[in-house]
Amino acid sequence: MRTGERRGGDRGAREGTPDAVDARPADGATRGPAGPWGTHEVPPGDGLTLAVGPLALRVRLVDEELRVLVSHERDPAEAADTGWTRWAAADVDRVTLSPLFPDRTLVVEPEDPFWLLDGAEARIYLRVPVWLHLEGVGRERHDLLRMPTIDASDTWWGTPEEGELCYWLPTRARRSVGPEHVEPHLVLCPLQLVNRSGDSLHVEKIALRAAYLSLYRSGAALWSDATRVLYTGEAEGSRLEMAGRPPREAEDPELLAPPAELMARGFRARTFRRFRSFTGLFG
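Anchor point for the sequence shown: position 85 equals 85 in this note's numbering, and the numbering is continuous, going up by one each time.
Check each hint, because a few of them may be wrong.
Pair by pair, the computed Cβ-Cβ distance ranges are [stated by the list, open to error]: (1) D63 x G163: 35 to 41 Å; (2) S176 x D143: 35 to 41 Å; (3) S153 x S200: 25 to 31 Å; (4) G45 x R248: 32 to 38 Å; (5) G45 x T159: 21 to 27 Å; (6) R139 x T85: 18 to 24 Å; (7) E161 x G45: 32 to 38 Å; (8) T85 x S153: 24 to 30 Å.
No lab work stands behind these hints: they were computed from the structure.
In this text the structure is predicted, and so the values were computed from the model without any measurement.
Ideal Cβ positions, reconstructed from N, Cα and C, are used throughout, including at glycine.
Please model the complete structure; the sequences and the hints are all you need to start from.
Set out below in structure tokens:
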């Protein structure tokens, strides 16, 4: 059964089809039942390849060095054998790959903008590309690299006088998700939108504050805890509540990462607003 089937108060929005990303594993890639995440032995010789959505990470141990090559090639055999990053690490024989949320607020939009009537609620789902965190493991853990699986554009959220630099993501919020929407580099983030402003709310752009979210694994899927967004009017902003537990859609969840920041009780912030996009902002 698909999640997000129509519920009371969830009417008034149309469902669209999100942008698809080919996430088939590269030849020879390590892909266990729970995906590429976790700790992996690095065998001698050709090493191993970890495929995460559009990326492939090739890891080798050569002459007491740990070497890593990140490629966008689906088949590692076709990738150029140049551009390796090298660490002198005599005791490292394993690597741990973990997913992380991006390090800024994310701006996304529904597949089709919709109106949320006063007093109504709607549950929507965002698919957010993760960042990769790679660690070398020996007698100790060594932080090696952090990088996005999909590059995001810079955008400004707020007014010219008050706002924040965010990422604009090429993703779409949708009203339901199914198995076909599960990909190893995308986190499914449920948002429960509640309108108590006295007027209809046009849901066109949404700011997701991922720093306050936990990250869970459920089978091959990645999930965040649900965010409840209570909108009471533009002047007051929206009250945000993170559930702090796995969403109801996740079966047998396992916590992979706690939130990077803890949210203060009664936290409010702009969540629904038009934004201006800057091409080439900060390089």
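Numbers of the earlier hints that this structure fails to satisfy, in rising order
1, 4, 5, 7
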